[in-house]
Amino acid sequence: MNRNLFPRLTQQNHQITSPAVPDYNCIAWAVGDVERWWQPGVYWPIEIQSNAVGVADLERAFESLGFMRCSGDEIELEFEKVALYGDSMFYTHASRQLSSGKWTSKLGETEDIQHDKAEDVAGDIYGEVVRFMKRAIVSS
Amino acid sequence: MTVAATTPESQIELKQRFQCLAQAWIEQARYLSNTAQMAMLPSYQRIIGMGVYVVPFILEELEREPRQWFWALEAITGENPVPPENAGRVRESAQAWIEWGRRTGHRAS
Chain G
2 MNRNLFPRLT QQNHQITSPA VPDYNCIAWA VGDVERWWQP GVYWPIEIQS
52 NAVGVADLER AFESLGFMRC SGDEIELEFE KVALYGDSMF YTHASRQLSS
102 GKWTSKLGET EDIQHDKAED VAGDIYGEVV RFMKRAIVSS
Chain Y
14 MTVAATTPES QIELKQRFQC LAQAWIEQAR YLSNTAQMAM LPSYQRIIGM
64 GVYVVPFILE ELEREPRQWF WALEAITGEN PVPPENAGRV RESAQAWIEW
114 GRRTGHRAS
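These protein sequences, in sequence, are chains G and Y. For any residue, its number in the working numbering is found by taking its place in the first sequence, counting from 1, and adding 1. For any residue, its number in the working numbering is found by taking its place in the second sequence, counting from 1, and adding 13.
Just to be clear, a hint being listed does not mean it is correct.
Every beta carbon over 12 Å from chain Y, so not counted as near; a handful from chain G, in silico [unchecked claim]:
1) GLY33
2) TRP39
3) PHE80
4) SER101
5) ASP117
Chain Y regions said to be covered by chain G (calculated; three or more residues, Cβ under 8 Å) [stated by the list, open to error]:
6) 40–51
7) 78–87
Think of the hints as simulated: they come from the structure by calculation, not from any bench. None of the values given here were measured: they were computed from a predicted structure. Here a beta-carbon is modelled for each residue, glycine too, at the ideal position from N, C-alpha and C.
Construct the complete structure from the given sequences, taking the supplied hints into account.
Right, dumping it as structure tokens:
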């Protein structure tokens with residue numbers, strides 16, 4: 002792990018939880034898909050231009066999956082939460098909250114990690130957390 | 014599409030240049046998930062700028078390790094041989110491009 006790119010990650014606040022595989026990215030992982038690399042114009046939940054790669058475009062994709070904006074990262078037992086990250090040009094990352102309140106991220110084509118807070122992977126290449134979203138957990 | 018002939022020497026130079034740029038891109042893009050962001054990195058743009066000559070090298074790289082070379086291949090060739098049902102599936106997409114390369118003479122059988 003290149004700590005320069007993840008200045009907020011420490012040995013104490015994260016752990017690697019999978020081998021590195023190129024099959025899926027963080028957007029897929031945020032919704033539990035480990036078979037596809039989600040990208041506008043390639044594989045995306047809504048019809049969208051391939052150059053629609055900003056934070057608002059990512060938010061629309063999550064809205065199409067039943068997520069809505071929420072105020073923060075506190076655990077709400079009836080909801081699953083995701084955090085969206087970005088900068089002025091691109092959406093950069095998404096992470097998902099676990100039932101423990103910790104977060105899980107797929108880091109590009111490398112590993113999945115579990116981290117204490119959504120902000121732990123922000124601060125450099127992923128920019129900052131720009132949105133929290135939630136959707137109701139449907140019990141099966 | 015026809016591939017213009019290059020001398021063996023220039024082929025070696027091209028391959029060395031590609032490998033240098035590819036290594037830089039892999040290092041820079043390793044943690045990124047937005048393919049557009051990955052494709053905007055200068056090393057990737059310079060590979061696209063090398064044109065059709067680098068297609069065999071990209072296919073060789075894809076065969077070695079599947080990763081997000083599809084944007085470059087599509088930009089250079091204007092093709093997309095990945096069937097819709099495999100959109101987003103990285104290994105299947107890589108395989109579709111490798112087979113395309115064999116069909117079109119960009120990759121040895």
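Going down the list of hints, with the structure as the test:
no.	hint	in the structure
1	GLY33	holds (14 Å)
2	TRP39	violated (6 Å)
3	PHE80	holds (23 Å)
4	SER101	holds (23 Å)
5	ASP117	holds (19 Å)
6	40–51	holds (count 9)
7	78–87	holds (count 5)
Violated hints amount to a single one, hint 2; each of the other numbered hints is respected by the structure.
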